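Using the hints, put the two standalone chains together into the complex.
Spelled out from the first residue to the last, the chains are:
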Amino acid sequence: MPSEVTATAVDDNPEAYEQRHVHAVYDHIASHFSSTRYKPWPLVSEFLLSIPAGWVGLDSGTGNGKYLGLPTDHPGKFWTIGLDRSQGLLNLARTAGGSDKIREVVRGDVLDNGWRRGAFDFAISIATIHHLATVERRVAGVKRLLESVSPRHGRILIYVWAIEQDEHSKRIIPVSTRERICVDAEEQCPSGQDVFVPWVLSSDNARPKVPRGEQAQNVPPDAIRRYYHMFSGEELRVLVQSAAKELGLKVGPPSSNEADANSSEGVEIVVSGWERSNYYIELRRWQI
Amino acid sequence: MVRLITHNLLACHAKGCTTNNFPLKLTDVKLALREADFNPDFLRGFLPRVEWDALIQASREIGDTSLPVERPEMLDDDLLRQLHHVLLEIHIDEGSMTCPNCGHVYPISNGIPNMLLAEHEIW
Ligand SMILES: [Zn+2]
Chain A
1 MPSEVTATAV DDNPEAYEQR HVHAVYDHIA SHFSSTRYKP WPLVSEFLLS IPAGWVGLDS
61 GTGNGKYLGL PTDHPGKFWT IGLDRSQGLL NLARTAGGSD KIREVVRGDV LDNGWRRGAF
121 DFAISIATIH HLATVERRVA GVKRLLESVS PRHGRILIYV WAIEQDEHSK RIIPVSTRER
181 ICVDAEEQCP SGQDVFVPWV LSSDNARPKV PRGEQAQNVP PDAIRRYYHM FSGEELRVLV
241 QSAAKELGLK VGPPSSNEAD ANSSEGVEIV VSGWERSNYY IELRRWQI
Chain B
1 MVRLITHNLL ACHAKGCTTN NFPLKLTDVK LALREADFNP DFLRGFLPRV EWDALIQASR
61 EIGDTSLPVE RPEMLDDDLL RQLHHVLLEI HIDEGSMTCP NCGHVYPISN GIPNMLLAEH
121 EIW
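Top line first, the protein sequences correspond to chains A and B.
As numbered in the numbering used here, residues 1 to 288 make up the first sequence, in order.
As numbered in the numbering used here, residues 1 to 123 make up the second sequence, in order.
Isolated chain B (complex conformation) (with noise of 0.2 Å):
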């Protein structure tokens, strides 16, 4: 299933497409939600992590605007709750990802994002 947390590591790699290649853009997503497991350490050491803009962008992309725009210092427990929400309770089931630069679609299909290239397809 792709959440937010793996949408975030994401890029285009078509031939050439090295700059401006990432966040790949969400449309046309179906949503499920699933409860997962709570863990606040995991969430204070991913913060750092988190590329906050793409998550941002991605998240009002789905229709979530929970998080703040500005990547907070500290997280207190609503901010836990809703960081953990939307990087790890909200699923796309379907949906496209468009490459910002070059317009690559990658197709997010049962869950499932395919990152494999259009050459490669052929079998």
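The shape of chain A in the complex, shown without the other chains (with noise of 0.2 Å):
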């Protein structure tokens, strides 16, 4: 088994390669993930603490629900829907890890488009952007949550993992092959890093839990590595701005375009930052 994370290329077909060593990962290890995985951090219960009563809520790639059931002390002041391509996380994040309460959840891709356009007030993307293998689809992702929201007050939180670890971090990161991420020439071309994580040492012990028989048995070798793209300095920052782009909103603060009196749209970059090895951005669409 390996024992640190590694550096990967990903190859030319990005959708199987993430069904290899993301999707087919999380369902063989949903049961597993499931129990290592149970706090959510603390800048995500922040941020839906400021969410008011009445709003509907997307959780892309909700893994096993950890925050479908929040905020815990106003039960049904809000409500968050889980959406994931991984039945056995869904069966997981429904009952949220067993208990009587059942959560909304629904089977599907984070770059598909299964909703009513700006139907939800906010979207979370936690841990979940860092699993699409290339920037195209990355960006593609940024650009569902835009979508996903209303136009005029939805806010969006994305976490996405760090290429900077803190000095806690038990992961030993390659810093080679360094691959150039620009979707857009006239950016600033920061870059990340493709790896492989064994599953087993991201949980808070490292010890493995995938029965032996059962390994050699139905897993594949590749089957314990994930897949993660490493997030480097200004680069969430830069994907959501090719987003906004893509989709013609501008990035900032709500102001009225010179050129178009009647009507302007965009997204404003609330906070962004780097915690406790993830960087975490936070936006809120707006309309004049």
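Simulated from the structure, these hints should not be mistaken for laboratory data.
In this text, all values refer to a predicted model and were calculated from it rather than measured experimentally.
Wrong hints could be hidden among the right ones.
Now the stretches of chain B that chain A is said to cover, found in silico as 3 or more residues with beta-carbon under 8 Å [to be verified]:
1) 34-40
2) 43-49
3) 73-82
4) 107-114
With the C-beta cut set under 8 Å, the calculated list includes, among others, these residues of chain B facing chain A [what the hints assert, rightly or not]:
5) Val2
6) Ile5
7) Leu9
8) Phe22
9) Lys25
10) Val29
11) His91
12) Ser96
For every residue, glycine included, the Cβ atom is placed at its ideal position computed from N, Cα and C.
This is the structure:
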């Protein structure tokens, strides 16, 4: 079993690549995965605390659904609907790890658009976009988020894994083979790193949980290595700018467009930063 | 579990299907009733966001006629309880959702609607 993060390169069929190195892995490790990832991240909880009563949100790539039951002190103040591709994870998310509360979950791909346009008031994408295997697919992932929320007030929070890991991280990160990831030649060009992460290492206790026999019988060696694109520096901001541009949205605070005085719409970067080995960005859509 | 609150947000996304692709028609449903936390603040806030005609059509399709055909201006206590029940307490455990435009069928199985399209299911 691999014991550290290793560099990888995506082949020329990113969809099949994700199927092999993301979806198949999560389906296989679903039950093990869930028990190790129950704590909501503080910044996500904080974002959700600021959501008003009556709103409906999308958790795109909900995994085990740990955010679907928040806020716990005001049950049902707003509703968050979980989307994921993994049937195994959805079965867990539906009951939030075996509780008697039933959550709302939908099976689907984060690059699909199976919603009324702008149907949601908010969307969160936590540790999901970094599983998309090309920059074009990551841009598409952000576009879907921007399209899923209300053009007038929609709020979005995105979290991805950072190449800059904090000092307590057990992970060992290779620094070779950095790729250029620019969509737009005019943009600043930060680089990230495609890696495989052995799933046992990213749990709090790094002991193997796949029974040996089961692993030998059912799982190809690939299946315990998850694909991640580790983000660096400004990469997440650039991704948002590319997605906004493709949708014809201005990036910045609300302002009327002088060339077209009648209407203008855009997306404001409310806050962005690095926290505990992850980059995050909070967005707000606006329309004038 | 799919409830009408979620159904109210779903739309067909088959290739080229961009108009008249909502609401998905519910058929062959198996229902379960489960109590949910009653939160009037949610219901009052959600009322202007819901696609009311779609909610009425869907609730009739699964055999509930308790809600008024016209979107209410105000929610009195009775209406709050009815809306709570229709949106959040009726679970569709099994069934089909059919696009009114292209006829694509999205199955609901074990309470989970499957919005994956056929070409993505090859694995
Ligand atoms: Zn359709």
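Quiz item: Among the hints numbered above, which are violated by the structure, and what are their numbers in rising order?
Solution: When the structure is compared with the hints, numbers 3, 9, 10, 12 turn out to be violated.
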